[in-house]
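With chain A fixed as given, assemble chain B onto it according to the hints.
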Amino acid sequence: AQSVAQPEDQVNVAEGNPLTVKCTYSVSGNPYLFWYVQYPNRGLQFLLKYITGDNLVKGSYGFEAEFNKSQTSFHLKKPSALVSDSALYFCAVRDGNSGTYKYIFGTGTRLKVLA
Amino acid sequence: GAGVSQSPSNKVTEKGKDVELRCDPISGHTALYWYRQSLGQGLEFLIYFQGNSAPDKSGLPSDRFSAERTGGSVSTLTIQRTQQEDSAVYLCASSLEPTAGNTIYFGEGSWLTVV
Chain A
1 AQSVAQPEDQ
11 VNVAEGNPLT
21 VKCTYSVSGN
31 PYLFWYVQYP
41 NRGLQFLLKY
51 ITGDNLVKGS
61 YGFEAEFNKS
71 QTSFHLKKPS
81 ALVSDSALYF
91 CAVRDGNSGT
101 YKYIFGTGTR
111 LKVLA
Chain B
1 GAGVSQSPSN
11 KVTEKGKDVE
21 LRCDPISGHT
31 ALYWYRQSLG
41 QGLEFLIYFQ
51 GNSAPDKSGL
61 PSDRFSAERT
71 GGSVSTLTIQ
81 RTQQEDSAVY
91 LCASSLEPTA
101 GNTIYFGEGS
111 WLTVV
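So the sequence lines, in the order shown, correspond to chains A and B. Take 1 as the starting number for the first sequence in my numbering and just add one per residue. Take 1 as the starting number for the second sequence in my numbering and just add one per residue.
It is worth saying that the hints were derived from the structure and are not from the lab. Treat each hint with caution, since some may be false.
Derived DSS-like pairs: lysine-lysine, alpha-carbon spacing no greater than 30 angstroms straight-line [said to hold, decoys possible]:
{"hint": "1", "chain 1": "A", "residue 1": "Lys102", "chain 2": "A", "residue 2": "Lys69"}
{"hint": "2", "chain 1": "A", "residue 1": "Lys112", "chain 2": "A", "residue 2": "Lys58"}
{"hint": "3", "chain 1": "A", "residue 1": "Lys102", "chain 2": "B", "residue 2": "Lys57"}
{"hint": "4", "chain 1": "A", "residue 1": "Lys49", "chain 2": "B", "residue 2": "Lys57"}
{"hint": "5", "chain 1": "B", "residue 1": "Lys57", "chain 2": "B", "residue 2": "Lys17"}
{"hint": "6", "chain 1": "A", "residue 1": "Lys77", "chain 2": "A", "residue 2": "Lys22"}
{"hint": "7", "chain 1": "A", "residue 1": "Lys102", "chain 2": "B", "residue 2": "Lys11"}
One chain only, chain A, in its complex shape (with noise of 0.2 angstroms):
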C-alpha cells in the first residue's frame, strides 16, 4: 500500500534563513512523487514533481526537492526563506507499477516564515 509520511506538523525559520520541509514515502513499485501548497481558504498549488531522471527537481518560486531512493525521502528545500512562504505544504505520493490511479497525500506541513 501506498503511504506518505510528513513527520512534522509544524516547521519555523527565521527570513532568509534556508528551509526544509520533510517527507518519505512507501510504495511497492517505482514512485511519482510531488508538493503542493496551499494558502488560507485556497486549493492546493503545485509546486514540483519527481517522476525519473535527476534526483534534484527544481520548480516553483525557488523550491526545490531531492529525491533519496534509499531513504525514500523527498525533502522539500529552499535556500532563502520569505515570509510570503508562509503556508500549508503536502507532499503526495502515486505508484506507478500497482495499477492505481490514487495519489496519496501527506497530513501536511505548516511553514511560518519569522520576519
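Just chain B now, with coordinates in the frame of chain A:
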C-alpha cells in the same frame, strides 16, 4: 476553462439535508478526482473518474456519498442526509490522463458546513 472550477465555494446546510457539489475540470482533462480535507487533517481520497466511469470509488465514506460525471466533463458529488462529520472542504482535481506521472490540478474547493 483556465482552471478547475468548483461550486458552491461555501455551503451551510442543516443536518439531514442533501447537498450537491459541482466540479468543472480543466478543458481536455479526462481524469477527475474528489478529495476531502477536514480541519487539521490531510487530504482523503474519495473517488476517481476516467471519462464518465469511476474505476475507483473506494474512498467514499458511506452510501450517503455518491458522484457522477457526465459528458466526460462536469462532475457532481452528492451527499445525502448530511451529518455534522461531513463538514469539510471538498476538493476536486483533474489531469490530462491517468498516467502516473501526470500532475493533478486542484480547484479552490467547496467548504461545507453542516449545522
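Against the structure, the hints come out as follows:
Between the alpha carbons of lysine 102/A and lysine 69/A the distance comes to roughly 21 angstroms, so the proposed pair stays at or under 30 angstroms and holds. At roughly 21 angstroms between alpha-carbon atoms, lysine 112/A and lysine 58/A fall within 30 angstroms of each other, so this suggested pair holds. Between lysine 102/A and lysine 57/B the alpha-carbon distance is near 10 angstroms, which keeps this suggested pair within the 30 angstroms criterion. Taking the CA atoms of lysine 49/A and lysine 57/B, the gap is near 25 angstroms; set against the 30 angstroms cutoff, the hint holds.
A C-alpha spacing of about 23 angstroms is found between lysine 57/B and lysine 17/B, which places the hinted pair at or below 30 angstroms, so the restraint holds. Of the pairs offered as hints, the one joining lysine 77/A and lysine 22/A holds, with about 9 angstroms between alpha carbons and a cut-off of 30 angstroms not exceeded. Among the hinted pairs, lysine 102/A with lysine 11/B is consistent with the structure: their alpha-carbon atoms are about 27 angstroms apart, no more than 30 angstroms.
Against the hints set out earlier in the document, no violation occurs for any number.
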